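Trainee: So you can see what is in the structure, the chains are spelled out below.
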Amino acid sequence: MIDTENLSKQFGSHTAVDRLTLHIGEGEVFGFLGPNGAGKTTTVRMLTCLIGPTQGRATVMGYEVGKDSQSIRRHVGLLTETPGMYDRLSALKNLTIYAELYEVPDVPGQVEKYLRLLGLWERRQDAAGTFSKGMKQKLAIARALLHEPKILFLDEPTAGLDPEAAKLVRDFILEVKAQGRTIFLTTHNLDEADRLCDRVAVFNQRLRVIDTPQGLRQEMYGRQVVFHLADTAVPYQPTLQNLPYINRLEAIDNKLVVALDDPETHNPELIRLLVSAGANIQFVGELRHSLEDIYLRLVNDD
Amino acid sequence: MKKIRTIIGKEWAEVFKNRLVLFSVIFLPLMLTILPLATIWGMSRFPASTEASVSAEEIEFFGDLCVGLTENECVMVYTLSLYTLLFMILPVMIPVTIAAYSIVGEKATRSLEPLLATPITDLELLSGKAIAAIVPAILATWLAYMVYAVGAMIMLGTELALAYVFAPAWVLAIFVVGPLMTFLSVSIAIMVSARVTDPRVAEQLSGLVVLPIILLLVGQSVGWVVVSRDMIYLIGVIVLILDVVLGFITIKSFQRETILTQWK
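These protein sequence lines are chains A and B, in that order.
With this note's numbering applied, the first sequence corresponds to residues 1 to 302, in that order.
With this note's numbering applied, the second sequence corresponds to residues 303 to 566, in that order.
The shape of chain A in the complex, shown without the other chains (with noise of 0.2 Å):
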């Protein structure tokens, strides 16, 4: 659904987007992560044809940007980072306008539709000035959905947002997935970005790693089990040291922690050795790194 080649974007000497090259699939959500001023937004802007790239070559839906710039802009939807309602005007006049503007079939279906989908039908006669930031943010996303579109930008859709109108935007996210839609998704939430995204990238002007969150994981730390033991864990390191399968040893106070390839292989051998070297183990659990570990990781790099 979007391809990108070397995809860069210049701003006088400041290179904004440098050699991007990336394949979006079909019914996937991406999430474009990284720190304020990586470029997330240029390209969010260069793949909508709000703004041309200074090298390389872009597709969206088979489109290409810069040539088939009026053809994408009616196959996409764009989740601005601020939503940008016309506060004078109702809920539905917004809605209203935008529907015309993207020549929508049945404008006062489909705008009572999305309305209704996200609950402010109730307040439709409403100018969208009065409304909380919530509600306004799911004006927004109604109006990018309006005309129905194949592939959808957000832009950091729950910045700003309190956790109850964070969740429901986010909600509203996996029932547009579970549609089959393809989603762009870029935010600072990593956590959102591990719930929703199929695959994420970490980008800083360039592309720094693109995977799944699991892949991105395994790949950074490889996968790590912890032993929490009764008292402290560094007599029994010499037990488990010259194990082969052992990639990595680490005793840090009562916990022992085990890099390794197969645990589900390995650990009854490890569980067995510790408890015969007189270890009492509490608990066993994988260590699970959040994706604010591997990106701040990769931040911390550039």
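Any given hint could turn out to be false.
What the hints assert, rightly or not - Label-pair ranges, simulated between beta-carbon atoms:
1) B:T560 x A:R297: 33 to 41 Å
2) B:R412 x A:D211: 48 to 56 Å
3) A:N300 x B:R412: 29 to 37 Å
4) B:Q506 x A:G215: 53 to 61 Å
5) A:R19 x B:R502: 41 to 49 Å
6) B:P514 x A:G12: 47 to 55 Å
7) A:S132 x B:L322: 19 to 27 Å
Hints were generated in silico from the structure; no laboratory data involved.
Bear in mind the structure is a predicted one, so any value in this text is a computation, not a measurement.
We put the beta carbon where it would ideally sit given N, CA and C, even for glycine.
Using the hints, position chain B against chain A.
Mentor: Showing chain B alone in chain A's frame:
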């Protein structure tokens, strides 16, 4: 065409919900209608002059404006032409209030980006915004002028009013040159609006477009120039050329990328 209609509807719905803009659209035509009518009413209360014609000095000051008129009539006609010239401010000033806000207002409320992401062409967007500013300005000017003309006819008598308020040159000025000036004013206001970040700055800068009219008004009131029929024709031709040039520049200089990334 449908998208242009949508933009016009959107602009009017927004603009006419803004009381300040609505006030400025109504106030100026109202003032420029009441003021000349009050002056004519005041002047008509003075007894008619017995002077058969104007003096040599006055002929020098008024040019051919007063040939064959009594002194009183001459002053009346001179005042009328000043006020009619004042009407030319309307088609320039009214659209500035609306057009100056058109792009910068969208930037300020962050609604420009989603709007530019829709499949609307630059020409459709600019046409919609321009028409939304031009139509109320022209209608307000014409309405104000008609009220002024009818009022003048009642107070001065049909003959004098027809000869000087409804003179072909002034009719041409109001009904042809006026709309041309509106277009010029809107082109400038939209260009300024796309480049600035503050709606107030856009309005103030675009408002400078009224300066040539003010200069003409001052020139006429101190006797440097007399706005004659030929001068109105000349102004019409100059404004028409400027309209074509500036209209072209406005469309060509409207670059979505530059507006979003540089003039934000």
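Trainee: Name the hints, by number, that the structure is in violation of.
Mentor: Violated: hints 2, 6.
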